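Engineer: Listed below, chain by chain, are the residues.
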Amino acid sequence: MDLISRVPGGPIEKKWDQHRQDLKLVNPANKRKFDIIVVGTGLAGASAAATLAELGYDVKAFCFHDSPRRAHSIAAQGGINAAKNYQNDGDSIWRLFYDTIKGGDFRSREANVYRLAQISLNIIDQCVAQGVPFAREYGGLLANRSFGGAQVSRTFYARGQTGQQLLLGAYQALERQIAIGKVQMFPRTEMLDIVVMDGCARGIVVRDLVTGKISTHAAHAVVLATGGYSNVFFLSTNAKGCNVTATWRAHKRGAAFANPCFTQIHPTCIPPSGEFQSKLTLMSESLRNDGRIWVPTRKGDDRPPSEIPDSERDYYLERLYPSFGNLSPRDIASRRAKEACDEGRGVGPLGIGVYLDFRDAIERLSRQAISERYGNLFEIYQQITGEDPYAVPMRIYPAPHYTMGGLWVDYNLMSTIPGLYVIGEANFSDHGANRLGASALMQGLADGYFILPYTIGDYLAQTRFADVDDSASPFRQTEHEVSDRVTKLLAVDGRRSVDSFHRELGRLMWDRCGMSRSREGLTDAIERIRELRDEFWGDVRVMGRSEDLNQSLEKAGRVADFLEFAEVMCHDALHREESCGAHFREEYQTPEGEAKRNDADYAFVSAWEFTEVGCPPKLYREPLAFEYVALAQRSYK
Amino acid sequence: MDLVLRVWRQTGATDRGRFVRYEARDVSPDMSFLEMLDVVNETLIEKGEDPIAFEHDCREGICGSCGVVINGSPHGPHGGVTACQLHMRSFKSGDEVWIEPWRAKAFPVIKDLIVDRTAFDRIIQAGGYISVRTGSAPDANAIPVPKRDADLAFDAATCIGCGACVAACPNASAMLFTAAKVSHLGLVPQGQPERYERVVKMVATMDAEGFGSCTNHAECEAACPKGISVDYIAQLNRDLVRANVIGAGTNGSSSIAGD
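Here the protein sequences come in this chain order: A and B. Here the first sequence stands for residues 1 to 637, numbered as in the numbering used here. Here the second sequence stands for residues 1 to 259, numbered as in the numbering used here.
Errors might be hidden in some of the hints.
What the hints assert, rightly or not - Result set (DSS-like, lysine-lysine): computed pairs, CA atoms no more than 30 Å apart in a straight line:
| hint | chain 1 | residue 1 | chain 2 | residue 2 |
| --- | --- | --- | --- | --- |
| 1 | A | LYS213 | B | LYS47 |
| 2 | B | LYS147 | A | LYS213 |
| 3 | A | LYS240 | B | LYS105 |
| 4 | A | LYS213 | A | LYS182 |
As the list claims (entries may be wrong) - Some residues of chain A that are not near chain B, with every Cβ distance over 10 Å (derived):
| hint | residue |
| --- | --- |
| 5 | GLU13 |
| 6 | LYS31 |
| 7 | ALA50 |
| 8 | GLN126 |
| 9 | TYR316 |
| 10 | VAL392 |
| 11 | GLY457 |
| 12 | HIS480 |
| 13 | ASP499 |
| 14 | ARG541 |
| 15 | ASP548 |
| 16 | SER552 |
| 17 | CYS615 |
Everything labelled a hint here was simulated from the structure, so no lab data went into it. Since the structure is predicted, the reported quantities are computational estimates derived from the model, not experimental observations. For glycine and all other residues, C-beta sits at the position ideal for the given N, C-alpha and C.
Let the sequences and hints guide you as you build the complete structure.
Structural biologist: Here is the structure:
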């Protein structure tokens, strides 16, 4: 396998402009002769499908929801970054680029990140033109806020529903193209494999989730915009349907998987309340601006928080990081919370949680002031937990939230399979080992509106395509394999439900490949994943039949893929013998317990090639060079 | 707590469907309503029975996937929340809970509690957008938008497309859904060029899809998990009258409130 990044030469500010001039164009009259498949209709997929159709290509778009508007991008709360410098506070493309490289702990490509910062400007323009109701000042101009510890106010937002408003903008653009007839939309249709012919991606195999019918679709290129894999942990902030199936099946057909162990854990989520817990809810990080985080000093102290005097409370972030305190970065805040709970000092009914206390802020500022700042968040918290956070401290605990890893792509967003493009969270491209707040929406829309529509044209213009329809033998063969797998899942007829396997896998991954990892834990996890996978295929019980709407069957297919994928994630974490960004290896830390990056040996992207289920994948390295931002160690002391 | 559930089971669009009685035991007050259904489904699978099909995804009240009628109310007894945000502490042991799908001609049942809501997508296709190609936008601050208009537009734009408004309406009208989008786009300057054509086309599509007319019951507003106001229906009607006067769109429509 060749990892050719195709990063253009020249100074970093000129690379993308020069590259766009060098890309081949498809004649306007010929565009309608090209069919493009887009799988997934979140921010990246919907924006790409709409834009490609506007250009004149014939697009087929697929999603497993009943409508493209349901994709999980809808749940993003905080905002979207752009280097507009509307606040005149010294922001610039360069500064956004610099912050993203540094925030990613020097494990992303400089050229990609610079392009992202450049395009951030166009995204805001585009969204406003679509009618996205961003927050505004009294003068009618756009409002901004500082987010995630950034030194400038570059985040655009629509109350706590920025993802929803941006997705609806892209969804409406997509619906417009559906009405015109340039996009054929397939809702309630799940992609189960890609079809590779003569080494190129030429189509997909899908299952109609209502009728169960398995069918194939041919095209000149395939775009995956299928999101991240946080649900490998079972409990995460992701929607229940989020899964790794599309990217995993593409990986099994030859697409390299990059940095799968880079998974972000968000520090402020509501802790689980029992065995029945099905997902975790994120509480905005802004709460850490006024809330103080603490646990009891003594293990197993089960007094109500109001009865624990200050002298017996450990405000551990303020103690360990006096200058950043409760605003320490996500990975540090998360890891320290887990440590406190592992020591037996966790709070709440299950002992997994730490207090986020507003007592002092209410005294200092008044209840009214706190209510104005966080009223809606306090309501959500009370709705879920039944506790009043004005009177009793909130309980929070970290939860998996976003995956920086994904299918490897070159500068053109093409995977190692020619003709297979990967955009949004599904690729690995821009966030390195850690994503900054309000950057996921930016990347999804940059890929979909402004990068892929250019780069895919270059591929279509340069490639000589054999005429293909879906009666060709690779289509029939792949379809057979998919049908066989569905039949096999139903035939096991064992005793354990799909969810019980998913829960067990999730707990294992959380313990061994979550916030902190060790050689011993990972080696053991790989063994246990294999055992669990064997047990799954010997004892899973999937109800119903395949010719029907069957939610157990849908879940079973996804969990079967997580059970294969989890192993690669552990291999990646095991191989990366350093701590960087969200990846913390217990063996590689400073005496004070901080992450110790190893730039001499690990300044590269790990791209894994599939070998066989149960066998270690093969590693390829894409070296990372830092020509513009000097390598530096983070410090929050 | 222990509950008795009466759940609508229907194998497909052609099946007549029926309520089936289930017992939910040891329900924790901290469970969400959907987690309670998860647990019931696990016990059904253990017994070798087909689990109850229900739609859900984000489970934090924003994707609009979930939605069932609980004891006669869409999304359950409380205003302002979706079924996934409803917690079992709202019930007490011994309660009987009736659970059924949205009932509307334009939302045919697919299975059990899952209905087909693609009619909503077709209403959007009729004009629920601003026609702007990628790349042709002016600078985002080139056109100031008064804060009041931006806030009102946002309030309308928070619609999650769940369909509770239709389920709550005695006429199964989709006026609140349609009005929310018409108002959102009609309140921002970027939406003005297509404003009157948009309202005519969207209302015509709503009628053609088999949704009923609005007769001002305002049940929709009470059921809406995002609290979208019926004021937006008045806004739609004003735009529709003006559209008819100036002859925008193709033809008029019978959906004016009180008609």
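Engineer: Taking the hints in turn, state whether each one holds.
Structural biologist: Structure-based check of each hint:
Of the pairs offered as hints, the one joining A/LYS213 and B/LYS47 holds, with about 27 Å between alpha carbons and a cut-off of 30 Å not exceeded. Between B/LYS147 and A/LYS213, the direct Cα distance comes to roughly 50 Å. Violation of the 30 Å bound is thereby established for this hinted pair. Annotation: proposed proximity of A/LYS240 to B/LYS105 holds, straight-line Cα distance about 29 Å (limit 30 Å). Under the criterion of a C-alpha separation no larger than 30 Å, the hint pairing A/LYS213 with A/LYS182 is consistent with the structure, at around 24 Å.
In this structure A/GLU13 is separated from chain B by more than 10 Å, as the shortest Cβ-Cβ distance comes to about 20 Å. A/LYS31, annotated as away from the interface, keeps every beta carbon of chain B farther than 10 Å; the closest lies near 14 Å. A cut-off of 10 Å between C-beta atoms contradicts the statement that A/ALA50 is not in contact with chain B; the least separation is 7 Å. Here A/GLN126 does not stay apart from chain B, with its beta-carbon only about 5 Å from theirs, under the 10 Å limit.
Against chain B, the non-interface label of A/TYR316 holds: every CB pair exceeds 10 Å, the least being about 27 Å. A cut-off of 10 Å between C-beta atoms confirms that A/VAL392 is not in contact with chain B; the least separation is 15 Å. For A/GLY457, the shortest C-beta to C-beta distance to chain B comes to about 13 Å, beyond the 10 Å cut-off, and the non-interface label holds. Here A/HIS480 stays apart from chain B, with its beta-carbon at least about 27 Å from theirs, past the 10 Å limit.
For A/ASP499, the condition that its CB be more than 10 Å from all CB atoms of chain B is violated, with the nearest at approximately 7 Å. Distance check for A/ARG541 against chain B: the nearest CB is about 6 Å away, which does not clear 10 Å, and the non-interface claim fails. Listed as outside the interface, A/ASP548 is inconsistent with that label: its C-beta sits roughly 8 Å from the nearest C-beta of chain B, within the 10 Å cut-off. A cut-off of 10 Å between C-beta atoms contradicts the statement that A/SER552 is not in contact with chain B; the least separation is 6 Å.
For A/CYS615, the non-interface assignment is confirmed: its Cβ lies about 32 Å from the closest Cβ of chain B, beyond the 10 Å cut-off.
The structure shown violates the earlier hints numbered 2, 7, 8, 13, 14, 15, 16.
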